Amino acid sequence: MLIIFLLTILGAAFSFAVKGRRREYAVYASGLFLALTLIYSLIRFHSGYTGGIISQETFNLASSIGIVFSTGVSGFSDTLIILSAIVIFLSVIITENGKYGESLYSYILITEVGLFGVLLSRDFLFFYIFWEVVLIPVYFIVAQYGGRNKDSVSLKFFVYTHIGSVFLLLAIFTVYTFHYEATGVFTFEMSQLMVNTYISKIPAFWMYFALFGFLLAFLVKMPSFPVHSWLPDTYDAAPYPGTVILAGGLSIMGGYGLFGILMPIYRSMGTGIMDLLMALGIISLIYFSLSAMMQQSLKRMMAFASAAAMGFVTLSFGAGLVESGYQASLELAGGMFQIVAHGLIMALIFSTLYYIHRSTGHDATHSLGGIFREAPILSSFLLAGLLASLGLPGLAGFIGEFSIVVGVFGAIGWFIMAVIFAMIITASYHIWAAQKSLYGPYNERLGAIRDADGPTTAKLMGMLIVIFVLGVVPNLIYGLLLTYAGGII
Amino acid sequence: MVSMYWPGWFIFISPLLGFAFTYVVGRYHRNLSGLIASLAVLGSLIASLLAFFYVQSNGTVYNSFVWFYNIHAGIYIDHLTLVMALMVSFVSLMIHLFAIYYMKEDPNKHVYFAETSLFTAGMLGLVVSSNLVLFFLFWELVGLCSYLLIGFWFFKPNASAAAKKAFIVTRVGDLLFLVGMAILYSSLQGYTGLGSNSPLSIPFLIQNAQAIASYVGPSVLGTVAVLFLAGAAGKSSQFPLHVWIPDAMEGPTTVSALIHAATMVTAGVYLVARVFNIFYYSAPFALYSVVILGSFTALFAGIVGLFVNDIKRILAYSTISQIGYMLAAIGLGGVFGYGGVSFGMFHLVSHAVFKALLFMSAGAILIALMDLRDTRYMGGLWKRMPMTVTLLFIGSLALIAFPGTSGYFSKDTIISASWVYYQHYGTVQSLFPWLFLATGALLTTLYTFRMFFRTALGKPRSHLAEHAKDPSILPLIPLFILAIGALGLGVLQGSFYGFIDPSYTMPSVPLYIDIVPMVLMAIGLVITFVLYGTSIWQRMDFSKNWLYKLGKNKFYLDYLFTNIIAERVIVPLSASFTLFENSYNRAVDNVGTSTLKLGDFFRRIQNGVVENYFIVLIIGVSLIFIAVKILGLM
Chain A
1 MLIIFLLTIL
11 GAAFSFAVKG
21 RRREYAVYAS
31 GLFLALTLIY
41 SLIRFHSGYT
51 GGIISQETFN
61 LASSIGIVFS
71 TGVSGFSDTL
81 IILSAIVIFL
91 SVIITENGKY
101 GESLYSYILI
111 TEVGLFGVLL
121 SRDFLFFYIF
131 WEVVLIPVYF
141 IVAQYGGRNK
151 DSVSLKFFVY
161 THIGSVFLLL
171 AIFTVYTFHY
181 EATGVFTFEM
191 SQLMVNTYIS
201 KIPAFWMYFA
211 LFGFLLAFLV
221 KMPSFPVHSW
231 LPDTYDAAPY
241 PGTVILAGGL
251 SIMGGYGLFG
261 ILMPIYRSMG
271 TGIMDLLMAL
281 GIISLIYFSL
291 SAMMQQSLKR
301 MMAFASAAAM
311 GFVTLSFGAG
321 LVESGYQASL
331 ELAGGMFQIV
341 AHGLIMALIF
351 STLYYIHRST
361 GHDATHSLGG
371 IFREAPILSS
381 FLLAGLLASL
391 GLPGLAGFIG
401 EFSIVVGVFG
411 AIGWFIMAVI
421 FAMIITASYH
431 IWAAQKSLYG
441 PYNERLGAIR
451 DADGPTTAKL
461 MGMLIVIFVL
471 GVVPNLIYGL
481 LLTYAGGII
Chain B
490 MVSMYWPGWF
500 IFISPLLGFA
510 FTYVVGRYHR
520 NLSGLIASLA
530 VLGSLIASLL
540 AFFYVQSNGT
550 VYNSFVWFYN
560 IHAGIYIDHL
570 TLVMALMVSF
580 VSLMIHLFAI
590 YYMKEDPNKH
600 VYFAETSLFT
610 AGMLGLVVSS
620 NLVLFFLFWE
630 LVGLCSYLLI
640 GFWFFKPNAS
650 AAAKKAFIVT
660 RVGDLLFLVG
670 MAILYSSLQG
680 YTGLGSNSPL
690 SIPFLIQNAQ
700 AIASYVGPSV
710 LGTVAVLFLA
720 GAAGKSSQFP
730 LHVWIPDAME
740 GPTTVSALIH
750 AATMVTAGVY
760 LVARVFNIFY
770 YSAPFALYSV
780 VILGSFTALF
790 AGIVGLFVND
800 IKRILAYSTI
810 SQIGYMLAAI
820 GLGGVFGYGG
830 VSFGMFHLVS
840 HAVFKALLFM
850 SAGAILIALM
860 DLRDTRYMGG
870 LWKRMPMTVT
880 LLFIGSLALI
890 AFPGTSGYFS
900 KDTIISASWV
910 YYQHYGTVQS
920 LFPWLFLATG
930 ALLTTLYTFR
940 MFFRTALGKP
950 RSHLAEHAKD
960 PSILPLIPLF
970 ILAIGALGLG
980 VLQGSFYGFI
990 DPSYTMPSVP
1000 LYIDIVPMVL
1010 MAIGLVITFV
1020 LYGTSIWQRM
1030 DFSKNWLYKL
1040 GKNKFYLDYL
1050 FTNIIAERVI
1060 VPLSASFTLF
1070 ENSYNRAVDN
1080 VGTSTLKLGD
1090 FFRRIQNGVV
1100 ENYFIVLIIG
1110 VSLIFIAVKI
1120 LGLM
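Those protein sequence lines, which keep their order, are chains A and B.
For what it's worth, the working numbering labels the leading residue of the first sequence as 1, then goes sequentially.
For what it's worth, the working numbering labels the leading residue of the second sequence as 490, then goes sequentially.
Note that these hints are calculated values from the structure, not bench results.
You may find that some hints are simply not true.
What the hints assert, rightly or not - Chain A stretches covered by chain B per the calculated footprint, using a threshold of three residues with CB under 8 Å from any CB of chain B: (1) 229-240; (2) 280-291; (3) 340-346; (4) 440-447.
Claimed, not checked - Quick list of in silico lysine to any residue cross-link-like pairs, SDA-like style, CA-CA up to 25 Å: (5) Lys436(A) x Leu1049(B); (6) Lys436(A) x Leu630(B); (7) Lys436(A) x Ala650(B); (8) Lys593(B) x Lys436(A); (9) Lys99(A) x Pro1061(B); (10) Lys436(A) x Gly893(B); (11) Lys436(A) x Val732(B); (12) Lys645(B) x Pro596(B).
Here the structure is a predicted model, which is why all the values come from computation and not from measurement.
Backbone N, C-alpha and C fix where the C-beta goes; we use that ideal spot for every residue, glycine too.
Generate the whole structure from the sequences, applying the supplied hints.
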């Protein structure tokens, strides 16, 4: 795995040297990375995974103050690595030659490096560095190629998520310092720091300070109410390939933070924090669903839908860790599955919207209308994406939402009706959006529009097939996630 | 694990293959699409027949494997499944054959046949699935197909609005069903009898229902059952979630016949029958709510049906009402045990046959009348389309339970059974089912023959009706087959009841109770003939009467859902959230602007973000080091 990672770094660096044909280069490079991660996962995770971290490597850089570069993959981070490889590949191939400048492709490849780094690092220093590395290229993507208000929005995105990062860094230093106090050893290793027996020894105030720092950073990325303000603006202003990366790639970081970083120390967190997380999850679900309903632009509406879907993840994390027995396993695995499913589905939706926007020039529901008549293929893909997003069985979104909703009753009781209410609202505005933009009489002002051609259909179809296969054969990754969760609780 | 019984799987795999083939081949050869889809459904029928003989000799089939975690997927075939699978594949085949004629002009008919084929696959998959989660998957798949097919003529604004309404209303029921599963799943935790079973496996639930009830408590299980019933009410369009079906008539008539009359809407009844033991062993309020919901809906939809003029919508209300009878029959299981299920299922089968017949003959009429659906402008069609209208007549007779037709055997048994139910308990609230159901018999006759006489007798009241002609006999063959079923299915009554429940007892009631529905039916026939067989109805004017207004507006339920709940509650709620979101967003922006002194920051950003980034990073890091220092001192 480390080799693949080094290759991605080289690949991204080398991309600056390619002139003229950088899109093709990026297609091949990200395709290669996708293939390599798939091969790696097949070899290492096809059978015999028993939980925990595998493929561990450690490099001492300055061991006296605990700076080491250590890497490793769990079943969960491996699925996320595959997911981000898929999303990056998709975001590259949906663009067309000459539409965007060359630097876009370099930024995308750097984002891939950052994402891989976040998922691979098993020590906090490099985790933090890669966490920041992801931000920079995405900032540039929005600032250079974005739409309306791109300057202020990209700045807002940067500052907002950066505040979260600062608290993450503070939290990291807190646990680092107290580890030195307790044992006399400097270390950034997660395997040393993220241990219940150690965390519970930190004085209460500082422990909660550290937990607050971690949670704030992850919830900003998630995003969760009330720290979400960057999201709709950024999704809206970003160019479509950027939105695909934001929705499919960056959204996993918050979820990974919860399930990958914080889950091992859940016993120290206490039920108060879990209750808070569950409450935030439910509030996010309802709040984002209701806010989405009134949005005019499909892109912005789907940004809220994406945030609402991540509300399920927050909810499942809180609920799964206060439950016990088979419910807890179902809940946690469902939450992790939801992260993957959400990434794939949002990538499909935003890619389809990109093509619709390209052929019609609009993405507001009221300026479209009846386009099924002229562009049946694109409309079908958008409908499929919307249905997947509202959790229709047979598609990937269902497995995650089903596991979460069915498992959650043990933790929240009749508050489940609030979740159901949000799901009904979600279904309503998805179907309403489909009806307004796809069906009904054709909006003749659009003139003649182009439907998807062969290659476009193939790209979107590939994505839909992945979503469909995961919806029908969830055990491809569900087992891995379950084993990973079982190794901790 | 036992070896797989492949014909059982083939029951729903065949139309699934049909879906793919129909779509792919149909793109190039439109005319083959109907044939391929019909063949695929025929495959299901044959597979169901094979399974029938297999189960007769070898007993129940149960194959399953792990789907994810402790959720299993598989097939479970017992007598109940067989009845439903045979009915669905047979009726679906008949409707597919008729649709070859009905849809022959449509440019997108390959899509139509692909979707009906997929629907049939979903319906049969639902019937044979062995786990509630898989059941739910197919349950939603048929809902999706219903959505797509209602909106098949997507360019009609009415059709796409109806599709939307159908999807959202049934979604409400579906999610309540999901809550039921959630409660069941979490309350079964720690149950020692679970073994290696999935907590939501259907055979596990129905075989251990009694023990489960004592483990989780009868009232908890009753709550689960009521939530399942809510799901069933959404799918089977029972009060108050029935509002989507009349609008769904905007789809092609064959779709109405297949999905909104014969098969999909009975899925809710099938769900209740499938997990009947859960209802039976939980607290008594579970089964009572089934019987009261069913009988009340039977009455309610009958009343509303009296005020409708659209021929398809009249049939839609009659579907709602008849499904009410089925649910009520199952709810009577408190007295009759599993026999209640056999009464309900027999009415389900006979209803599927005669309602498919009614819808398709109405479809044939609509083709002749260029989709004019208002019965006020028909009239005199018996002379002009003798074959079609005779078929409609046979269907109508079966619907009002005319003695000798299949409807008589299936429906009057239920009404008699509800009297036995009253005698068993002797309380006032146990009399309601009989009252509602018997009154329903009168209403059924009234709305059915109001529709029929207006259509068939008198003088044509529009240009289109004057020139209507019968279609050729070939497309009507499936209708003749169904008509034979509608007339003759009654002979199977006893063996059918015995097939579902070997220990059933026929309800025996005094003669004066037994003839009540028949007398009411006769009264209804006389009233409708006097009013609608002649032209008296044209001179009647109730438009000032408040009762008439109440019925005409469907008791304002549609108004309540669309205009009050959706437009006056949800939309303002959402608007206020959006308003809050916008102002919150602006507040965040303002905080950012004022603290960071945006203009200043901006200029530096444009010089190079990376530098700026490092400045922020350094500030951050130095803050940390200060913190560390302080920590060290403490």
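Residues of the stretch 440-447 of chain A with Cβ under 8 Å from chain B, three needed, outcome:
holds (count 3)
Pairwise hint evaluation, Leu1049(B) against Lys436(A), where the allowed Cα distance is 25 Å at most
Roughly 23 Å between the alpha carbons, so the hint for Lys436(A) and Leu1049(B) holds.
Is the hinted pair Lys436(A) and Leu630(B) satisfied, with a Cα-Cα distance of at most 25 Å?
Holds - the C-alpha atoms of Leu630(B) and Lys436(A) are around 22 Å apart, at most 25 Å.
Given pair status - Lys436(A), Lys593(B), alpha carbons within 25 Å:
violated (29 Å)
Count residues of the stretch 340-346 of chain A with a Cβ under 8 Å from any Cβ of chain B, then say if the count reaches three.
This one is violated; 0 residues, fewer than the three required, reach chain B with a Cβ under 8 Å.
Within 8 Å of chain B (C-beta), three or more residues of the stretch 229-240 of chain A
The restraint on the stretch 229-240 of chain A holds, since 3 of its residues have a Cβ under 8 Å from chain B and three suffice.
Restraint check for Lys645(B) with Pro596(B), where alpha carbons must lie at most 25 Å apart:
With a Cα-Cα distance of about 15 Å, the restraint between Lys645(B) and Pro596(B) holds, given a limit of 25 Å.
Proposed proximity, Pro1061(B) with Lys99(A) (alpha carbon, max 25 Å)
violated (41 Å)
At least three residues with a C-beta closer than 8 Å to a C-beta of chain B: is that true for the stretch 280-291 of chain A?
holds (count 3)
Given hint Val732(B) paired with Lys436(A) - CA-CA distance at most 25 Å
holds (21 Å)
Given the proposed pairing of Lys436(A) with Ala650(B), does the C-alpha separation stay at or below 25 Å?
holds (9 Å)
Take the C-alpha atoms of Lys436(A) and Gly893(B), compute the straight-line distance between them, and say whether it is at most 25 Å.
violated (50 Å)
Consistency with the previously given hints fails for numbers 3, 8, 9, 10, ordered from lowest to highest.
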